[in-house]
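Undergrad: Residue-level listing of the chains:
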Amino acid sequence: MVKKELIRRSPLRGLEKSLKQPLQKGEIAVVASPKGIGKTGCLVHIATDSLLQEKQVIHVSFSTRTDHIISWYEDIFKEVARKLSSAMEVHEEIIKHRVIMSFNQEGVKTQQIIRSLTAMIRDGNFKADLIIVDGYNFYLATPEDLRLIKEFAKEMGVTIWFSATVKPENEKIWNRDVPPSLKSFEDLIDVLITLGESEGNILIRLVKDRESYPRKDLSVRLDPKTLMIVEEKK
Amino acid sequence: MMDISKMRNIGISAHIDSGKTTLTERILYYCDKIHMIHEVKGKDGRGATMDYMELERERGITITSASTNVTWKDHTINIIDTPGHVDFTIEVERSLRVLDGAILVLCSVGGVQSQSITVDRQLRRYNVPFVAFINKLDRTGANPYKVKEQIRDKLGHNAVLVQIPIGLEDKFQGVVDLIQMKALFFEGANGEHVVEREIPVELKAEAEKRREELIDAASLFSDELAEAFLEGAETEAQIYAAIRKGVLTRKLIPVFMGSAYKNKGVQPLLDGVIHYLPNPSEVRNTALDLNDGEKEVELRSDPREPLVALAFKLEEGQYGQLTYIRIYQGMLRKGDELYNPRLRRKFKVGRLIRMHAHEMEDITEAVCGDIVALFGIDCASGDTFCSPGINYSMTSMYIPAPVISLAVFPKDKTSADQMAKALGRFTKEDPTFHTYVDPESNQTIIQGMGELHLDVYIERMKREYRAEVETGMPQVAYRETITQRADFDYTHKKQTGGAGQFGRVAGYMEPCEDKEYEFVNMIKGGVIPNEFIPSCDKGFQAARMKGTLIGFPVVNIRCVINDGSTHPVDSSDIAFQQAAIGAFRQAYEKAKPVILEPIMKVTVEGPSEFQGNIFGSLNQRRGIIVSSTEENNFCRIEAEVPLSEMFGYSTVLRSLTQGKAEFSMEFLKYGRVPNAIGEELKKAYQEKRRKEQK
Chain A
4 MVKKELIRRS PLRGLEKSLK QPLQKGEIAV VASPKGIGKT GCLVHIATDS LLQEKQVIHV
64 SFSTRTDHII SWYEDIFKEV ARKLSSAMEV HEEIIKHRVI MSFNQEGVKT QQIIRSLTAM
124 IRDGNFKADL IIVDGYNFYL ATPEDLRLIK EFAKEMGVTI WFSATVKPEN EKIWNRDVPP
184 SLKSFEDLID VLITLGESEG NILIRLVKDR ESYPRKDLSV RLDPKTLMIV EEKK
Chain B
416 MMDISKMRNI GISAHIDSGK TTLTERILYY CDKIHMIHEV KGKDGRGATM DYMELERERG
476 ITITSASTNV TWKDHTINII DTPGHVDFTI EVERSLRVLD GAILVLCSVG GVQSQSITVD
536 RQLRRYNVPF VAFINKLDRT GANPYKVKEQ IRDKLGHNAV LVQIPIGLED KFQGVVDLIQ
596 MKALFFEGAN GEHVVEREIP VELKAEAEKR REELIDAASL FSDELAEAFL EGAETEAQIY
656 AAIRKGVLTR KLIPVFMGSA YKNKGVQPLL DGVIHYLPNP SEVRNTALDL NDGEKEVELR
716 SDPREPLVAL AFKLEEGQYG QLTYIRIYQG MLRKGDELYN PRLRRKFKVG RLIRMHAHEM
776 EDITEAVCGD IVALFGIDCA SGDTFCSPGI NYSMTSMYIP APVISLAVFP KDKTSADQMA
836 KALGRFTKED PTFHTYVDPE SNQTIIQGMG ELHLDVYIER MKREYRAEVE TGMPQVAYRE
896 TITQRADFDY THKKQTGGAG QFGRVAGYME PCEDKEYEFV NMIKGGVIPN EFIPSCDKGF
956 QAARMKGTLI GFPVVNIRCV INDGSTHPVD SSDIAFQQAA IGAFRQAYEK AKPVILEPIM
1016 KVTVEGPSEF QGNIFGSLNQ RRGIIVSSTE ENNFCRIEAE VPLSEMFGYS TVLRSLTQGK
1076 AEFSMEFLKY GRVPNAIGEE LKKAYQEKRR KEQK
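For the record, the sequence lines run as chains A and B. For what it's worth, our numbering labels the leading residue of the first sequence as 4, then goes sequentially. For what it's worth, our numbering labels the leading residue of the second sequence as 416, then goes sequentially.
Same shape as in the complex, but just chain A (with noise of 0.2 Å):
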């Protein structure tokens, strides 16, 4: 299969339609669930899919050991890319059009985090289309943090995709409402959706598309395996 083909066939597309449109430059979009549900799979996926559209991608992770990261993205370009007729070329492409920037969590600010973005955007001249933010603390965060960020994303013209780990004991996120935490953010998040575990599968629930608030199930699911997202079974 060639790349355009793969791009045209995966499930994302799936999830894209799902919303009123793909998402824009400046837009912030998060994905929420508690923890070790699936999160970075399927942010990792979203990255990986925008790196084989030929978009260049900043993932932003708050964990020391960037090996891990690295190699959650050689897993699921493995999985993506199993029909790609030349996937060793193809994955030397995209790597160059990734990068990994790591804070240590314990007192990173939000300022310095966008100093950093804006200094590999700039003066590393590094065009990045969609940002990764993997494991943003919206509990120590303020909406003020977000609206920065945002700004941000405006003025760079990038896509930022955030997730957010809920707990699960004390935020209902389960009636696809907006989970407690992020209810004073919830005006900065353009998307918003949450994973859920039901019966084996992982469901992707679509909570907030811009204006309105779907509060549906989508179409498309997390693999319990791969934590990828794929076409639900029919």
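It is worth saying that the hints were derived from the structure and are not from the lab. Take the hints with a grain of salt, since some may be wrong.
To be verified - 20 Å max Cα-Cα, derived PhoX-like pairs, lysine-lysine: (1) B:Lys586 to B:Lys597; (2) A:Lys99 to B:Lys1084; (3) A:Lys6 to A:Lys86; (4) A:Lys99 to B:Lys1016; (5) B:Lys1097 to B:Lys1005; (6) A:Lys228 to A:Lys86.
Please arrange chain B on chain A, whose structure you already have, making use of the hints.
TA: Frame of chain A, contents of chain B only:
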């Protein structure tokens, strides 16, 4: 005879400037071998005992590894001083090969830095058990707790404190031993008296807490300790034994601390070496039996077995060549006859020597596990010596191929002679250093692992051999390769009186991912007689040594022959070689050849404020930034950058960051050169050829 369980062969591995040389020197001092302490850059003009080369003294770094023998509490310790700079990795690797254990030295301020990561990777490759020593606790900003966490996070080791500091920075006084639960102070003019006292009251609670952490971690390696601990009846011996088990399997890293410069914490570290690091019989070593198809055989730490030893280091001393050897099996006596399988030659052991820093002691025998030196033996480093009757070779050491070359021109006849002598010596000492005379330009070319690597040898030529040399521009070791299959059918015919030449070969060439070169013979029915098949192989190999794009070797290529013809009289070895060369050239252009260049893995570390400058500098050098990690206003950036762009980077980086950032690099892979640059290279090559032809 020496008791093997009381023997230790250790290395001291560290990041440059983490105080390794000072530590080594203090160890020698406390072991009563030297009587005055010199600093690395001592004012009295004498450097520390271990790094005795003049050049090293000037640069304040240690380049050659010397083995030194010391005694600590009736244990014999051989210390291999390993170089800290990454450009000399082969020296580190060679030392690691002969070590049984190591001390990883880290700076309490700088913590785990890029070179620490490189060194850690090397320890891992050779599976060397180690303990950690956090040095420079007297420095401003010292934080051993943070460094311990970095060993866990950045290096992924199960590090646990066996000591905690008493005071830090200018108030650093001593350490609390968490096993004996005693405060240790270091008194006397040079800290030679270790004084035990009660733990200061304000540290009691912290010490209890850390001791519990330590025993929790150690208990995983001993049920006996775990049970005793539950009953509150654990003994020191149980804790030592449990930690030792963890260390030997590299699953637990005890962390020591102190300040070598202030003479604090060195003696307990030596105790730790004895407690936790393996003796030679606890390490599995193997050799290859050359009489049995290179079958792997396990060596036994038994003096009664035949001798097997490895020459790991050559040095030109005042009295001739000194060969450092590590004995793995058997026993060596003065006057013994040994066999060198590589040279297939026997030789006699004249003088047997034990090295103490810069003095030597003549000895009459040495047993397995020991490191000693021989005088006046003709060999190369990496050679195996064994008792006559066996034909073993120690596993070949991992030797990376050189990535950079430089032309050297002697200024006069005397320098030329001296240079030849020096080069002969260096290539014997260092397997990553190569030299040859380019047949076309008639220039002497030296090759190595990086700019600094070659610089050091140029300097040594000047200083030690008084050879005045000038150097050309550094050259990158490019490669060529093909990207698609192409057929050939070539007839070599020559009839100009006398015997003619005739050979025809047909087949194809194609890319071959996993091998540098492969030759496949698919000739059927003897259209090319068997005797001429190797001639074809030879011809292809000759042709591939010089690609037609820019004259560099062609790699990752498979040549397949499936047809051909022969002439009863005119066919010969030469004729088929020529036919293969012709065939190669015929197909090469059609196979869409491209140029490859060495890509280095570059790690830059510096304060976050310079992040933008560093990103920019890497981007300008065609670098791909792989990752950037930020912590406490310090960032570490990993990138893949073509070697050709890295010349002079240290100067650039220094000026961009006010000297606050540093970088290390190592060879990663060969990557395709971008078209525009490839075209330039081709043009330059054609230009050069045109000039040479004139």
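Undergrad: It remains to establish, for every hint, whether it holds in the given structure.
TA: Hints, verified against the model:
no.	hint	in the structure
1	B:Lys586 to B:Lys597	19 Å, holds
2	A:Lys99 to B:Lys1084	15 Å, holds
3	A:Lys6 to A:Lys86	9 Å, holds
4	A:Lys99 to B:Lys1016	14 Å, holds
5	B:Lys1097 to B:Lys1005	17 Å, holds
6	A:Lys228 to A:Lys86	19 Å, holds
Taken one by one, the earlier hints all hold for this structure without exception.
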